[in-house]
Amino acid sequence: MVFRRCLFIFFLLVPGCFLFGDSWNTITLDLSNTFTRDAKDNYYLLPGGKASMSFEMDSDRNIKGGIELSLDAGLSFPLVLDRLFIKARFDDLRLTMGKTRLPWGRGFFFNAGDIIWDSTSLVTDLAAQEFRTDASFLFSPYFSLGRFTFLEAVVLTPDIDPVDMAAAQLAGMPPELPLSHELRAGLHGQTKFFGADIEAAYLFEGAHVIDEADHKAMVSLFLSPYMDLYASVSSRLPQSLGDSESYGEVFYDNLQFSFGTFYSHSFESGASLSGRLETLLFPSKEFKALSIDERAAGDTYALYLYPEISFAPEPIMQFFLRAILSPVDLSTIIMLGGNFETYQNLVFYIASSLMLGEEEDLFCFENNGGFSIKTGISYVY
Amino acid sequence: MKKILSVIIILFLTGALFGQTAEEIIKRMESNQIKDTAYSEGKIIVKDRFGEKITSFNSWTKGEELSLIEFTSRAERGQKILRTEDVIYVFFPDAEEVMPIGGAALRDSVVGSDLSYEDMTGDKGLLDSYDVALLGSEAIDGHDCFHITMKAKSPTVPYPKQDVWVDKKIYAWRLVRKYSLSDRLIKEIKINTIENIEGSYIPMDMTIQDKLKKNSSTRFIIEKIQFNIKIDESFFSLEELY
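Listed in order, the protein sequences are those of chains L and Z.
With my numbering, the residue at position 172 of the first sequence is 172, and numbering never jumps.
With my numbering, the residue at position 29 of the second sequence is 1029, and numbering never jumps.
For the record, the hints were derived by calculation from the structure and aren't laboratory data.
Heads up, the beta-carbon is just placed ideally off N, CA and C, and yes, glycines get one too.
A portion of the hints provided could be inaccurate.
To be verified - BS3-like mimics (lysine-lysine), calculated; alpha carbons at most 25 angstroms apart, straight line:
| no. | chain 1 | residue 1 | chain 2 | residue 2 |
| --- | --- | --- | --- | --- |
| 1 | Z | K1230 | Z | K1190 |
| 2 | L | K64 | Z | K1211 |
| 3 | Z | K1214 | Z | K1161 |
| 4 | Z | K1047 | Z | K1224 |
| 5 | Z | K1153 | Z | K1027 |
| 6 | L | K64 | Z | K1080 |
| 7 | Z | K1035 | Z | K1224 |
| 8 | Z | K1213 | Z | K1230 |
| 9 | Z | K1190 | Z | K1047 |
| 10 | Z | K1213 | Z | K1224 |
| 11 | L | K99 | Z | K1190 |
| 12 | L | K192 | L | K288 |
| 13 | Z | K1213 | Z | K1169 |
| 14 | Z | K1213 | Z | K1035 |
| 15 | L | K192 | L | K99 |
| 16 | Z | K1080 | L | K87 |
| 17 | L | K192 | Z | K1080 |
| 18 | Z | K1151 | Z | K1047 |
| 19 | L | K192 | Z | K1043 |
| 20 | Z | K1062 | Z | K1080 |
| 21 | L | K64 | Z | K1035 |
Unchecked claim - In silico contact screen, one side only, chain L against chain Z (beta carbon under 10 angstroms); selected entries:
| no. | residue |
| --- | --- |
| 22 | K64 |
| 23 | Q129 |
| 24 | N339 |
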């Protein structure tokens, strides 16, 4: 069924490739099977599939547009609009409009500087090529102030949940649209200082009730003396405080840091070995083990780690070991995987994950997804 | 008297031909090939045990240190590499993210080929990084060449030792061999075609062989090249990557 859906999308999209004389088109198919275990000791074999198309106009380097649609197996609404954007450049000004993503802050898995989409969630597919792919409808002018310095503003329209919209339509009710003051708007700047890339940003996050709006800010740093070193810090302040709160307390409660380091070594044989370690730190959170009920109530640990080792004996082959570690309760999810490119753009991959920890821990074999094996194939047409 | 004069003239001519130092030969070769600005289009063909993989690109360069490469083939479309004075930036369009790379990562393979980031974006002038010495003459594919050996001045240079064969007539290199610290041959780059473009002799087709791998080679082909086009230094900036 999934395979037929993907083929349907593929043959729907392929004719579009030939309609645009000055454009280029890419269609990506990704088909997988996942063998997984749930909390009740049931084992499942689940199909998965994703088909996406992107195209860009080639006629002018100052104009770029793109659309990405994806079909994700298992959802009620199989067709998802991942990207739809236009970028236009005028000398030192670039305008971006549509559904896309802006890279604020630094971090491969943990990025406290991403105050728009919050790249600190532990819930993600460790086998993915990219972990953070959220996008929103936005308008952003980008001002280039030098070769490595820029200032960027952004206005993000309030997100509309398609599930809620569809449910309202099915119920014959008018959909509840977000109000204009629920928008998000911000400013982001970057410059180079003594060899280090420094970023700072501010974001206003509107809410349905005006007083519940938030103000977020971040600072991020990247330097590469011999290995990559990067760090981000961010926090949030509400528009209005409660009676018993102070700005200092709230600022500290919402403070989050992410740190990372990356190093790659190439051998004479052409093989390469790389290692990455990222840390996520919430100074105000718990350094003692929490029960399941406490975590469900919103408590979280103060410290998480993301280590990754990757070995490529040759360019067409790669093996990796990734993990999310919870040092506070000494639990972890570990993933071992590999991918292999045979013919051009055809990649086979396999990844297996295992949770290790005790029953009340964050990660535990007894949890949903405590064990899984995923195999798949992807092709870029 | 006439005999003495003839010998003096012969010696003078001989000295003139072989009086060039290795540094002079390298400078003349680089002045032939490094232009103020250049734009080129080309492709990289990687052969391995599964067949061929073809990656196409456009490239802009200014002087010795600034270059921007944009990949135009389907799977790599939108990926860009920006080389500046002290760091290389790589742009991944799917993530809309720019990653600086430096140090040992400069020797990482570009799009699975036998070319590294260092090879692809070109390094600084050879005389800045290497001590050079002329070893003599040798014929490469029927072309008489100067054989020059180069030893790295500092341990940060990716290839500790290189040997290069420079065509005596046109001052373009015909063959390069790159060695490790232990004097082991790592890579060999052989020129297949040289063309005269706007008065300069430019290698247009070369084969790069990783000597530590079997059944693997990379062919680097320049299909179009233009020199001294107008490119401002501000073109080589983060803005151009997005």
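Compare the distance between the alpha carbons of K1153 of chain Z and K1027 of chain Z with 25 angstroms, and conclude whether the hinted pair is satisfied.
The hint holds at about 17 angstroms.
Given hint K1211 of chain Z paired with K64 of chain L - CA-CA distance at most 25 angstroms:
violated, 41 angstroms
Hey, K1213 of chain Z versus K1224 of chain Z, does the alpha-carbon distance stay inside 25 angstroms?
With a Cα-Cα distance of about 30 angstroms, the restraint between K1213 of chain Z and K1224 of chain Z is violated, given a limit of 25 angstroms.
Given the hint that K1213 of chain Z pairs with K1230 of chain Z, test it: the Cα-Cα distance must not exceed 25 angstroms.
Violated - the C-alpha atoms of K1230 of chain Z and K1213 of chain Z are around 41 angstroms apart, more than 25 angstroms.
Holds or violated: K192 of chain L and K1080 of chain Z, Cα atoms, limit 25 angstroms.
holds, 20 angstroms
Take a quick look at whether K1190 of chain Z and K1047 of chain Z sit within 25 angstroms of each other, Cα to Cα.
holds, 16 angstroms
With the threshold set at 25 angstroms, check whether the alpha-carbon distance from K1047 of chain Z to K1224 of chain Z stays at or below it.
holds, 22 angstroms
Would you mind confirming whether the straight-line C-alpha gap from K1080 of chain Z to K87 of chain L stays at or under 25 angstroms?
Judged against 25 angstroms, a Cα distance of about 17 angstroms means the pair holds.
What's the verdict on K1035 of chain Z and K1224 of chain Z, does the C-alpha distance respect the 25 angstroms limit or exceed it?
holds, 15 angstroms
Given the proposed pairing of K99 of chain L with K1190 of chain Z, does the C-alpha separation stay at or below 25 angstroms?
violated, 47 angstroms
Against chain Z, with CB atoms and a cut of 10 angstroms, does the hint on K64 of chain L hold up?
Because about 9 angstroms separates K64 of chain L from the closest Cβ in chain Z, which is inside the 10 angstroms limit, the hint holds.
Regarding the pair K192 of chain L and K288 of chain L, is the alpha-carbon distance no greater than 25 angstroms?
violated, 39 angstroms
Going down the numbered hints, you'll see the structure goes against 1, 2, 8, 10, 11, 12, 13, 14, 15, 18, 19, 21, 24, while the others check out.
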